[in-house]
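Respectively, the protein sequence lines represent chains V and H.
Everything in the first sequence is counted per the numbering used here, starting at 224 for the first residue and increasing by one.
Everything in the second sequence is counted per the numbering used here, starting at 93 for the first residue and increasing by one.
Treat the hints with caution; some may be incorrect.
What the hints assert, rightly or not - The list that follows gives simulated cross-link-like pairs (lysine-lysine, DSS-like), each with its CA atoms no further than 27 Å apart: (1) V/K349 with V/K404; (2) V/K404 with H/K206; (3) H/K206 with V/K562; (4) V/K702 with V/K534; (5) V/K702 with V/K668; (6) V/K470 with V/K445.
These aren't lab readings, by the way, just hints derived from the structure by calculation.
Here's the letter readout for the chains.
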Amino acid sequence: MPQPILRLNSISKYFGMTKALSDMSITFNSGEVHAIVGENGAGKSTIIKIMTGIHQPTSGTIELDGKASIMTGPQAAREAGIVAIYQEPMVFPDLDVAENIFISDNSDGLLMRPSEQRKRASALIKRIGIKLDPSRIASGLTLAEQQAVEIARALSQDVRVLIMDEPTASLSAHEAGQLRKIAQNLAGQGVAVVYISHRLEEIFEISDRVTVIRDGSHISTKPIAEVTSDGMITEMVGRGFSKYFEKATSTTRDEVILEVRNLTLEGVFENISFDLHRGEVLCMAGLVGARRTDVALALFGIMPPTSGVVKFKGQTAKFTTPRAAIEAGIAYVSEDRRKLGLAMPMAIKSNVSIVTLDDFLSPLGLLKSEKERKAARHFIDSLNIRTPDVETPVGMLSGGNQQKVMLAKWLNLNPDLFIFDEPTRGIDIGAKAEVHDLIRSVAAKGGAALLISSDLPEVLAMGDRILVMREGHQMSILKHSEATQESIMLHATGQRQETI
Amino acid sequence: MKIALNKLQSWEGFLLCALIFITLLNVYLSPQFLSFSNWINLFQLSIEKVIVALVMTFVIINAEIDLSVGSMMGLSACAFGWMVQGGVPGGLVIITCLIIGVVGGAINGWFITKAGLPSLVVTLATLIGFRGLARVLVEDRGINEFPEWFDALGQQGLIGPIPFAIIAFFILFTALYIVLQRSGFGRKTYLIGTNREVADYAGINTAGHKMILFIASGLVSAFAGLLYAARVGAVRGDVALGFELDIITIVLLGGVSIFGGSGTLFGTLLAILIVLSLRNGMALINITGHVQTGVIGLLLIGSVIAPRIHLTSFWRRLKGEHL
Numbered sequence: 224m225p226q227p228i229l230r231l232n233s234i235s236k237y238f239g240m241t242k243a244l245s246d247m248s249i250t251f252n253s254g255e256v257h258a259i260v261g262e263n264g265a266g267k268s269t270i271i272k273i274m275t276g277i278h279q280p281t282s283g284t285i286e287l288d289g290k291a292s293i294m295t296g297p298q299a300a301r302e303a304g305i306v307a308i309y310q311e312p313m314v315f316p317d318l319d320v321a322e323n324i325f326i327s328d329n330s331d332g333l334l335m336r337p338s339e340q341r342k343r344a345s346a347l348i349k350r351i352g353i354k355l356d357p358s359r360i361a362s363g364l365t366l367a368e369q370q371a372v373e374i375a376r377a378l379s380q381d382v383r384v385l386i387m388d389e390p391t392a393s394l395s396a397h398e399a400g401q402l403r404k405i406a407q408n409l410a411g412q413g414v415a416v417v418y419i420s421h422r423l424e425e426i427f428e429i430s431d432r433v434t435v436i437r438d439g440s441h442i443s444t445k446p447i448a449e450v451t452s453d454g455m456i457t458e459m460v461g462r463g464f465s466k467y468f469e470k471a472t473s474t475t476r477d478e479v480i481l482e483v484r485n486l487t488l489e490g491v492f493e494n495i496s497f498d499l500h501r502g503e504v505l506c507m508a509g510l511v512g513a514r515r516t517d518v519a520l521a522l523f524g525i526m527p528p529t530s531g532v533v534k535f536k537g538q539t540a541k542f543t544t545p546r547a548a549i550e551a552g553i554a555y556v557s558e559d560r561r562k563l564g565l566a567m568p569m570a571i572k573s574n575v576s577i578v579t580l581d582d583f584l585s586p587l588g589l590l591k592s593e594k595e596r597k598a599a600r601h602f603i604d605s606l607n608i609r610t611p612d613v614e615t616p617v618g619m620l621s622g623g624n625q626q627k628v629m630l631a632k633w634l635n636l637n638p639d640l641f642i643f644d645e646p647t648r649g650i651d652i653g654a655k656a657e658v659h660d661l662i663r664s665v666a667a668k669g670g671a672a673l674l675i676s677s678d679l680p681e682v683l684a685m686g687d688r689i690l691v692m693r694e695g696h697q698m699s700i701l702k703h704s705e706a707t708q709e710s711i712m713l714h715a716t717g718q719r720q721e722t723i
Numbered sequence: 093m094k095i096a097l098n099k100l101q102s103w104e105g106f107l108l109c110a111l112i113f114i115t116l117l118n119v120y121l122s123p124q125f126l127s128f129s130n131w132i133n134l135f136q137l138s139i140e141k142v143i144v145a146l147v148m149t150f151v152i153i154n155a156e157i158d159l160s161v162g163s164m165m166g167l168s169a170c171a172f173g174w175m176v177q178g179g180v181p182g183g184l185v186i187i188t189c190l191i192i193g194v195v196g197g198a199i200n201g202w203f204i205t206k207a208g209l210p211s212l213v214v215t216l217a218t219l220i221g222f223r224g225l226a227r228v229l230v231e232d233r234g235i236n237e238f239p240e241w242f243d244a245l246g247q248q249g250l251i252g253p254i255p256f257a258i259i260a261f262f263i264l265f266t267a268l269y270i271v272l273q274r275s276g277f278g279r280k281t282y283l284i285g286t287n288r289e290v291a292d293y294a295g296i297n298t299a300g301h302k303m304i305l306f307i308a309s310g311l312v313s314a315f316a317g318l319l320y321a322a323r324v325g326a327v328r329g330d331v332a333l334g335f336e337l338d339i340i341t342i343v344l345l346g347g348v349s350i351f352g353g354s355g356t357l358f359g360t361l362l363a364i365l366i367v368l369s370l371r372n373g374m375a376l377i378n379i380t381g382h383v384q385t386g387v388i389g390l391l392l393i394g395s396v397i398a399p400r401i402h403l404t405s406f407w408r409r410l411k412g413e414h415l
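Whole structure, please, built from the sequences with the hints as guidance.
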């Protein structure tokens, strides 16, 4: 029987003059998966930070087991059994699984016997319901396994409220499924699971109740049975959003712009062959570890292939540096904004001009700052980037707006081939639709797009054809008309392979 | 208004206030302080270090470090003495010394960019190596028979009372200021220092860029070594020993982040002026050299802590979670 564990009572939070939350009341019950949805900037992360004691509410109270309590800091929240895990798990790469689970456990003094530790670790892992060897070193784990380690760590500290913030954003469909099962298992054991996700389909799959928030205010909390996808989206954005899952008409032309034949990088992927036409969007689907990004990096000159032929715009292309690929007209929009995509502390305008810096220089090599600012302003308008001005550091923007800045820097180049690697991961549904529009308009103007995505509805909505990979092998190329979530998954998991 | 406030909040703003304060104190203690000849003296005594600090600013913003600058100064000065003593004509000797700087910098650059070793290790090795070479050249002699024009260049005014080295410093400062703060090369220096992989993926030749910086560092160090020889009029194996630490101190004090990506040449200039006038002021009130060094050390710790204080707590409190 669900019992209320944690209750937020008309919580408001102001940062200076900025309102982040107003009059927010939510109750979290034991044994329940409670999803919180809302666009980026709606206040989800502020709620988490207040629950875990990182921020203090400006007004309002938190009740734990019916008693008013104050989370003075993360330590206090953890002692009360409130733990959050995030998209990027925090594990120590050089320690093994068991050591990672018990990293902050010093009940046995400083030293715990490794065998004893492993035994207790296996018990916890079993409770989560997955298979994982406690003596494995963390650096070799997949993202999903690392998250499992974090959950096990939370369990070892007697978690009562487990907050999962976009836990599946970086996972393949299969791993995400595993993680959702874990969340449900824990709820079955009486934990209150707070689940935050942009993937609406998984919210329907696992949650018992859904809370929608918008602009820092509580919109609704309903049992999942009373919620529809359209209704939820309307509540999130404050308007209808029907075209999201719709496939636009294809703009594929006859001219082949990229010809790939038997592309192989030894030990990584082999025999990748496909054609890409002008005006076409070719999606690459697959699970994590399918080596889709590696194929993209091979085309972009970062990891030159060991064999195979690439013809770009009719000419044999052997790019050994990104510079060469860029000069030929290829853009690669990385999946990792933070590490590979943007210089976070630098101004928007400086990020926008990175790729085409030479176009912003006078003959003497001096920067034309006005031209640079103008270019940045142009993209702020055309891509609808929400920012105070062009000098704002990119790191201050929300995820969706950062993503748009990253797109802007490549749009400057006016490339013939755009490789998008997970371009909508972790951004809200409004920004997602805008990125989709942008990809379509690139294609409509005669460019070609190679879109790597783990989001199956996105793959189905965007791809004129869908290339499915599995563990470095090309499994099939599906036409849009014959592709369904099921058929893609069958190929991606290796249960079916076409003869190519 | 807001911009002015932001400027004041920055480390450069703080340095500027500190500089004004120290200057006022100095003037109060000794009316001579602001006199032209005093400043020429002040500059003259550290001119080699402050010239190298200009290039070091680039290197550290690029998230690298060059510990071998002091040894390169020594090597260049000793090579000069050794060749002059061997009867090689002065002009040829100077060119050779500058080439030694370029080659030394290229060696650093090769190991760092091609072999992929950390610059801390590579330049620590060449710090020892270059110094060793310098000592081999002059053994334990002192060499002081330099051409007259060379000594004059180092010890007399070139334009009025201003010696060549100070003129060279200001020309170099102006040129490098434009390069770092206004040019594409400067932008790339910041970008690579902020996040090298982002620069790589944007098609920037980051290895080539670093190579240029290390060569420039070697060249300017060799040049500074020659200035030292000219000013002192003699060289020994221990010329410029330990200078790299003073140079790096100035750059960090100027607000350049040791992790790369931030800082300006203006900050470095302010730090130079502060260190010079602080030492002068402390000497005026009879504070010994060792205590002076201690005070500058404290200032350096402050320079590392201060930006963190206002960035993390103050800034976050203002902006909330958006950081």
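Do the hints match the structure? See the list:
1. With a C-alpha separation of about 13 Å, the suggested pairing of V/K349 with V/K404 holds against the 27 Å cut-off.
2. Proposed proximity of V/K404 and H/K206 is contradicted: the alpha carbons are some 48 Å apart, above 27 Å.
3. The hinted pair formed by H/K206 and V/K562 meets the criterion: a straight-line CA distance of about 22 Å does not exceed 27 Å.
4. The hinted pair formed by V/K702 and V/K534 meets the criterion: a straight-line CA distance of about 22 Å does not exceed 27 Å.
5. About 22 Å separates the Cα atoms of V/K702 and V/K668, which keeps this hinted pair within 27 Å; it holds.
6. Between V/K470 and V/K445 the alpha-carbon distance is near 30 Å, which puts this suggested pair outside the 27 Å criterion.
In this structure, the earlier hints numbered 2, 6 are contradicted, and the remaining ones agree with it.
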